[in-house]
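K.L.:
Listed below are the residues making up each chain.
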Amino acid sequence: GAGVSQSPSNKVTEKGKDVELRCDPISGHTALYWYRQSLGQGLEFLIYFQGNSAPDKSGLPSDRFSAERTGGSVSTLTIQRTQQEDSAVYLCASSLVGPGGTDTQYFGPGTRLTVL
Amino acid sequence: AQKITQTQPGMFVQEKEAVTLDCTYDTSDPSYGLFWYKQPSSGEMIFLIYQGSYDQQNATEGRYSLNFQKARKSANLVISASQLGDSAMYFCAMSSQGSNTGKLIFGQGTTLQVKP
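From first to last, the protein sequence lines are chains U and C. One point on numbering: in this note's numbering, the residue at position 12 of the first sequence is 12, and numbering is uninterrupted. One point on numbering: in this note's numbering, the residue at position 88 of the second sequence is 1088, and numbering is uninterrupted.
Derived from the structure by calculation, the hints contain no laboratory data. Among the clues, some could well be false.
To be verified - With the Cβ distance kept under 7 Å, some of the chain C side facing chain U (calculated, not the full set):
hint, residue
1, Pro1040
2, Gly1043
3, Phe1047
4, Leu1048
5, Ser1053
6, Thr1060
7, Glu1061
8, Arg1063
9, Tyr1064
10, Asn1100
11, Phe1106
Idealized CB from N, CA, C, for every residue including glycine.
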């Protein structure tokens, strides 16, 4: 079946602009995660959704970052007033049920964000 | 706090030989999961293998096996009969199964190069 998809694959923006990154999880997966991968920081957790609610948003680095999930499916990560330090690859992952057990997260191809 | 340590930034292995990638972890949670992911140069994160903290047997998936030593808090990945396509970055990750979030904590990764 189809895997996790993300769009756009690449995004170049100017400092101060807002960007929206989209994630389509595997059909039927209730849990959705956003991570950020950058050279200096490695892979960092941003936010976790179970259905449409976000029980853990502890990894969002500032209030410029927000995310929502609708219909228990598609999720959008929004970064307002982008800064150069926001440049990174943003990865989305989904899993069948969420925390506990042997639940495995499957990742999308990522969105490479470059802030000029 | 949970932490994953991968002490080998880069590794070389001859084609058809076996290689071990090291991973140690630190957690106070009684129940946790350990994962290995492969990230080729194309960027996608590919799930390889999972080990639960209460699993009695070491996990195996084809040419991949996980050498789980709970008392030493290590979860090394063993790749047998290396192939050129195994050249990639490998990440060890951990989740806490007793919390309300399935977020993964990642190590810094090990770059594996397979020589012909």
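K.L.:
Now tell me if each hint is right for this structure.
P.N.:
How the hints compare with the structure:
no., hint, result
1, Pro1040, "violated (11 Å)"
2, Gly1043, "holds (6 Å)"
3, Phe1047, "holds (6 Å)"
4, Leu1048, "violated (10 Å)"
5, Ser1053, "violated (11 Å)"
6, Thr1060, "violated (15 Å)"
7, Glu1061, "violated (11 Å)"
8, Arg1063, "violated (18 Å)"
9, Tyr1064, "violated (14 Å)"
10, Asn1100, "holds (5 Å)"
11, Phe1106, "holds (4 Å)"
The structure fails to meet hints 1, 4, 5, 6, 7, 8, 9 from the earlier list, while all remaining hints are met.
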